[in-house]
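Protein sequence lines, in the order shown, are assigned to chains A and B. Numbering that gives the first Met the number 0 applies: residue 0 is where the first sequence begins, and numbers increase by one. Numbering that gives the first Met the number 0 applies: residue 0 is where the second sequence begins, and numbers increase by one.
Honestly, the hints are just simulated from the structure, not real lab data. Among the clues, some could well be false.
Claimed, not checked - Quick partial rundown of chain B residues pointing at chain A, CB under 10 angstroms, derived from the structure: (1) 21; (2) 28; (3) 32; (4) 33; (5) 56; (6) 66; (7) 71; (8) 77; (9) 81; (10) 82.
No experiment lies behind these values; they were computed from the predicted model shown. We put the CB at the ideal spot given by N, CA and C, even for glycine.
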Amino acid sequence: MKQLNASIASLIVMLCAGVAFVVPQCACGQSNGAQASEAVSSDVVKEHTPAAERKDMRERHISKMPTTSHNKKVAVDIKTLEARLKHTDAIGFFTKLAIRSNIIDLMNKIKQYRKKSMLKAKIKEIRTSFDGLILKIVALLEEDPKLSRDLYVGRESIWKSLLEVKA
Amino acid sequence: MKRILVATFLSMLMIPCAYAVSQAEDIATTIKLRNYDCGGRAVSNISESQDASGSRVIQATCPNGRRYQITVSSDGRMQVQPLN
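Isolated chain A, as found in the complex (with noise of 0.2 angstroms):
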């Protein structure tokens, strides 16, 4: 009995444990992850020093953080990412051809004013269409939201991407 209670403890805490491994992780957006773990930091801080001290370690702490703003550059592993949008249950077949019709379909038109030297005319026009089939699938990812999020974070990538591709 002992060992079965045990063993159920240490099966919690292990739980315990992973959830809040996974929780600052999985926190959508930047900003979320570092309030998370500001909060975090701060709880175990504000019981032992004074009021001063705390806000100048959380400072500290703040800095110390690996910050990922928008103007920072992003580094994604495209083939990564695309494995794992071809892997996840969150949408289904259809929908993953789908999104891979819509990429071609865009490449084609690069390919197809590059041809024409209208690329530059053009470009707002394809990153206004890149942008909406980004925030498309974004939206239908909800189940896979780690995925998602890296989708996001990684779209300037993508978009270099297809730029890259020659005619």
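Add chain B to chain A, keeping to what the hints say.
Frame of chain A; chain B shown alone:
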């Protein structure tokens, strides 16, 4: 009894997050992704066949009453056409 409890608990842990999409929802999403109006989350009256060129042809009715034909070619390209 204890063993059953532990086994149930462990099996609950092992159940993956099931969020498989139904074919009706999948086809409706496909129609919407190809910029056609569907008027709902799932289609009905799905019929599937294969044409002479080996392409998969699916016909389905949207909640708004419109019927669409989805053609998936052998190279994976997809085409959606309204039928009415």
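Going through the hints against the structure:
{"no.": "1", "hint": "21", "verdict": "holds (8 angstroms)"}
{"no.": "2", "hint": "28", "verdict": "holds (5 angstroms)"}
{"no.": "3", "hint": "32", "verdict": "holds (4 angstroms)"}
{"no.": "4", "hint": "33", "verdict": "holds (6 angstroms)"}
{"no.": "5", "hint": "56", "verdict": "violated (13 angstroms)"}
{"no.": "6", "hint": "66", "verdict": "violated (16 angstroms)"}
{"no.": "7", "hint": "71", "verdict": "holds (6 angstroms)"}
{"no.": "8", "hint": "77", "verdict": "holds (4 angstroms)"}
{"no.": "9", "hint": "81", "verdict": "violated (15 angstroms)"}
{"no.": "10", "hint": "82", "verdict": "violated (17 angstroms)"}
The structure fails hints 5, 6, 9 and 10 (numbered hints given earlier, in ascending order).
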